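Residue strings, one per chain:
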Amino acid sequence: MTWIPEVASNLASKVDGVLLLITLLSLVFFILITVVLVYFAIKYRRKREDEETPYITGSEPLEIIWTVIPSILLIVIFVYGYVVFKDMRTPPKDSVEVTVQGKQWLWTFDYYNGKKTINELYVQYNRPVRLVMEAPDVLHSFFVPAFRVKQDLVPGRYTQLWFTPTKIGTFDIFCAEYCGTGHSAMLGKVIVLSPEAYEIWEKGVKADEGAGVASLPPVELGAKIYKEKGCNACHSLDGSTLVGPSFKGIFGHAVELQDGSKVDVDENYIKQSILEPQAQVVKGFAPVMPSFKGILSDEDVTALVAYIKTLK
Amino acid sequence: MANHTIAQNVYVPFLEKKGIWSWILTTDHKRIGIMYLISISFFFLVAGVFALMLRYELLTPASDFVQPHTYNVLFTLHGSIMVFFFIVPGLAASFGNFLIPLMIGAPDVAFPKLNLGSYWIYLLGTLIVLIALAKPADTGWTFYTPYSATTDTDVVLITLGVFVLGFSSILTGLNFIVTIHKMRAPGMTWHRLPLFIWASYATSILQLLATPVVGITLLLLITERTLGVGFFDPAKGGDPVLFQNFFWFYSHPAVYIMIIPAMGVISEIIPVFARKPIFGYKAIAYSSLGIAFISFLVWAHHMFTSGISDIAATIFSFLTFLVAIPTAIKVFNWTATLYKGSIHLHSAMLYALAFVFLFTIGGLTGLFLGALAADIHLHDTYFVVAHMHYVMIGGTVMGFFGALHFWYPKWFGRMFNETVAKIAWLFIFIGFNVTFFPQFFLGVQGMPRRYATYPAEFESLMSLSTYGSWILGAGIIIMTVNLIAGLINGEKAPQNPYGSLSLEWQVPSPPPLENFEEIPHVTDWSYGYGKKK
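One line per chain: the protein sequences are A and B, in this order.
Per this note's numbering, the first sequence starts with residue 26, numbered consecutively.
Per this note's numbering, the second sequence starts with residue 107, numbered consecutively.
Just chain B, same shape as in the assembly (with noise of 0.2 Å):
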């Protein structure tokens, strides 16, 4: 698709510079990229841990592994930790910074000083988490009124923290934004982009719109504990479900900037791998701009029995009724992508399957929530656990994952170990089904979520659940080391091994400073796999 090629002679990788200061001063999108991927990385596997460690308590009914306390404690750090340091930068900031100028013929994003200074606007929100840790706060990561307003846990550090790391997120979306308005290579029209691109475009603009909110939610909560002041609080004429309101504006589109990087991760891999175009390509760009409206309109179905009226309970169902309906028309797309296809079941292929499959389950068991009646019953019970964590896990990780091994040889320039890949694909695939799908039995036979201690006619299903998180947590362990392993001692990968057509892959691996030698011409979109007719 672009004819130009690099003179060997010339050609110095990204990752050639050495030194502490080549990284802190980086203005380089790849390395930015990779401060995040590390970053996040590194909260994945923390969370993780504690993950791991409630799962442990939940293996009886009584409280033996650690308090009451302890357990509120550790669910409301998983849950903060997973949510706004991995999975909201996540795959857009890590990916979205490597990838977003290379697929779009860009030397470097809009503004690489303002990029840097997000990631370090990131680490100045962990680090003011970090400082919370001495008296870790436990009100889940929902900070729901009043609870976090009375609670004598340092609500207001891990509240600022989130706060600071809200600015990271809103000003790299304003960069990936103007980006891919103004850098786009000749030739690359709004339909040839990858539909990375297009998620990445409408993950900015979530991004862009819902933060501040959140940020001003946040804000408002502090004032509330530090100054008094009764915005929540009843007896000073606040309102407690406000906070829900103003709470769910921002964190339910921030689903859809956690999940709509990985539906365009999904969209670059199953192409490459079944050498075929992929089907519906203007059905599912149109349809992530889609979902991102319609989610700025749905936020209350988090709230159907937290008080709010009727009607509104009534507007929002319907409402969010209509936002299954373009993620269902991606699922179908991808499908179909598949038929007739010459497919090659790569690790990066097996988990965009797997990501197609849970992500499945994940939306087919949100219409259960959706539905006003079901959810009165299901609300704030396992159901939502395991529908949560089939989105969350089953699709933004599974295309995390997927796009770690897609363009591993790309970002690193070396090869992992692909049996390897594959035995740990298989442990996490087990081993997820084997953790959540037992929870929406839980959750239908009424087991409340945020439970320390349990009644014991729930024991089986929620120590089996325990057994699948070890499976689960041993498959995510061989697949750091696996890959950690290809970093040292890795076969020097190929410019393209997958044969792929866009343009990050006509770059050596890994790419050159600058990426492009000079800037490519675009002359076709990146799908044009199998024979014209």
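Next comes chain A alone, as it looks inside the complex (with noise of 0.2 Å):
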């Protein structure tokens, strides 16, 4: 464990030092405080019952004193963190524009070259990036961690939010503005990439990871689908309810709609429910799904179902 996430970001380490400077006055405020609240309350302990207390009602001085002293300071602080806020709005000219769209509940990303991910931020290795965000439900927040940023997105307006990557690796996305049931499994990841790879992923033909994925098979891509595009925040396992119904022995059997009809779970089911997913809803969920059309090719939806079919 570490008092605070990894730096990996430009920002990070400049809002440390905001951090840094405040944690230090608070301590030297709060020791001094604590310090003479135990000592005199030791030290003046009443010994016996008819102790001679002096008539201090207050010293002008010490009033000024400490009025002065913590304005001064407090000035400090907040002209420290407006500086740091000020770099923090300001996105260089150059960076490379994505556009962020979180909805309930995952994350998607939609670059300039007309490649589209979910849950996964792909960016490169010290360039700047400027991310411009939408939701079209509800207030979201994107929120990383390591790179110290957040920014609330909200209907009906683009907010941005920008960051240059200092470390190459995978750091967490959160949803930090509540935005319903399924708020704390709207999580991500910003892929850092080496300027090499993300060349190579750049040009990449399929949306995500390149050739290696088509190859792998159907179930094996299900499972990495269900995980990555973010089924799994609201589809559990382990037969535990989350937002919609579990997965866990779905296929092939009967469930209830909400006009109280019944239908069997089988292929064409499943692939109605990923495109159109207020078509057929089980009874007893919200009609919250959003479609994965233009999402998830063909081929993803064949594996999700083979993947389906395994959960027994």
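If you're looking for bench data, these hints aren't it; they were derived computationally from the structure.
The model shown is predicted, which means the values in this text are computed figures rather than measured ones.
Every residue gets a Cβ at the ideal spot worked out from N, C-alpha and C, and that includes glycine.
Hints are not guaranteed to be accurate.
[What the hints assert, rightly or not] Simulated crosslink set (EDC-like; lysine to aspartate or glutamate; CA at most 16 Å straight-line):
(1) B:K219 - B:E620
(2) A:K214 - A:E145
(3) B:K388 - A:D263
(4) B:K342 - A:D162
(5) B:K638 - A:E76
(6) A:K214 - A:D135
(7) B:K637 - A:E77
(8) A:K273 - A:D263
(9) B:K446 - A:E74
(10) B:K446 - A:E76
(11) B:K637 - A:E76
(12) B:K446 - A:E159
(13) A:K308 - B:D258
(14) B:K637 - A:E74
(15) B:K388 - A:E85
[What the hints assert, rightly or not] Looking from chain A toward chain B, a few residues come up when the C-beta cut is under 10 Å (computed):
(16) V108
(17) V174
(18) A311
Reassemble the complex: the two chains are provided individually, in unrelated frames, and hints are given to aid placement.
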């Protein structure tokens, strides 16, 4: 366990500077107050009932000192916080733009070259990225602790955020603004690639990992999609009820729909549920699933069906 | 300070009359105070049980005790009930009612019937919310749009209940303002007023001016949900961030509605048990008003990541630091009051000292959230949860418990077991810190709030926090049992067990109906402890 998340963006160390300054000043005042409080409480403990105490009602010099000194320090903190904030709000002109959509309960990323990824944001090491973000349904907030950046996504307007990744690796994306039942499952990853790897990714044929993925057997590919495209946010594998029905043992069984009718869960029902989720909603669940039309290829859907079949 | 005596043969304690109607129709501020006290304590315990359930779910990363939706409902209920049913009426309505007339030398508040009406409006509001529990809301206590406008849980009834509760708060504030202006005993000048009265005065102004705004906001939300008017829906020309502006315009001042009365309590307890005059009386009194004023101008510090303009964020950050100054002044003055005192660590004093210690942590961690760059990282993480609970439990609830132990003999005419009270205090103090201190680290590490499930890397601190909640819960149970046992078989309380100079201690315990046989004539302030040179 570490005190603070790893430093993986140009902004992170600046924010940490602000955190450090406030921590130090706070510790000084905290220790001062605590030591004096405990010292007085022990030293002046009542020993006899008839102890005499002095009639002291205040001290103007002291009031001035403990008004002026904290005021000056507070202004220092404010200014430092503002200076770094200004940096955080001013993306460089040459940033790579990615359009981000946050919706209940997944992230989609659209890149300049027509690529689209779900829950995985691909960026290049040491190159500034500007995210232009929108939300079609409710408020969300894009938060990457390792980058120290956070920005709400607000229906009806675009918001923006930028950073320059300074470490190659994979970092958590959290949704930080409460957005309903699947809020805590609205997770993603930022994948920071080296310039060479990024170039390969940029030119790759497939939307995500390039050629390697397509050659996976369908069940393995399905399992991979299940995790990476955010199915796991709402559909469990162990029979527990999340936002949607669990996948465990669902294939081949009949489910009851909203109107009381029953339908068998077969290949066609699963495909329909992925592409047109609202067509036949299982009873007891809200019609909230987004459509994956245009996001998953036919091959992906087939792989998912194959995977769900194996979940007995 | 007051030269009058009560002839024992005419003394009729206010609790003398029995029967249900003597409560339902009472206009006695002390009885109305008791009704509030019982109600808010009940809701405190209920919402506390919800908190224990939340923490129990968070013992492990997965959803194993309740489903995510249930978890979301639980934190909504925990927050809403704690805020609107317990901590906003809280000290102001319970101890404010009991103490204001007694402390200023008045027979009752200015409008006793309105006072009774305020209580029943409060209860009506809570009843409406109870009905809403049939399909409880899952929005969080902040009811942010568009989620609150679209979720299929019952948001309308719970907000309607809060809307009704608001009137109770407004009317109580009005009543207290008039009472403090017009009902002070002869000689009770503004600068002789006990600091609890100054605090109540500042609180009442906030209640009167800020509460209507949340009322209107919730009404707009109800209109949006029921009639489809798009105040906050961008598809209809509305703006979701507008809701946040409205909401915090009330809810930030409301934070001070919650904390200022507790500051008043601490200013009463410390001088009595240190046998010293309060240090910096005027600084403390005026800083209450200063906080109340500035608190109207800092609301958007809850919204630095919400999409407001950078200029707005910068201005609100600056104003937020201003509010830290009067708060710091109070802490320094309380600490200085102990200097060369004769300190008796009564349970009430232990709560007061815990307040100063914990509130200092709560206040200092607020600096992180006021500073723009730091807040971007910490906003909506457990850091905020920890900070907020250090202020609300470490501050307000410690003040509330301190007040309970301090004025208990006066209010009920009985004593509780002091040893058990100290043991309960120790449990509460340790349990609270074990629960909430780790949450600062969780927040810095990036753990978002309102998460039903969480990544495994946070597990050790999360489960530590849950263990702490059990210690805290045990302490509150011990305290509650001890205080109830005292009511049943506690010793009879003397008139003035701590040797306080304040007016309420110069009448018998419990006070007689109408408080004073004749209205006292006040000749000095109530902090004249120690030997004058």
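Exercise. Broken hints, numbered, in rising order?
Worked result: 3, 12
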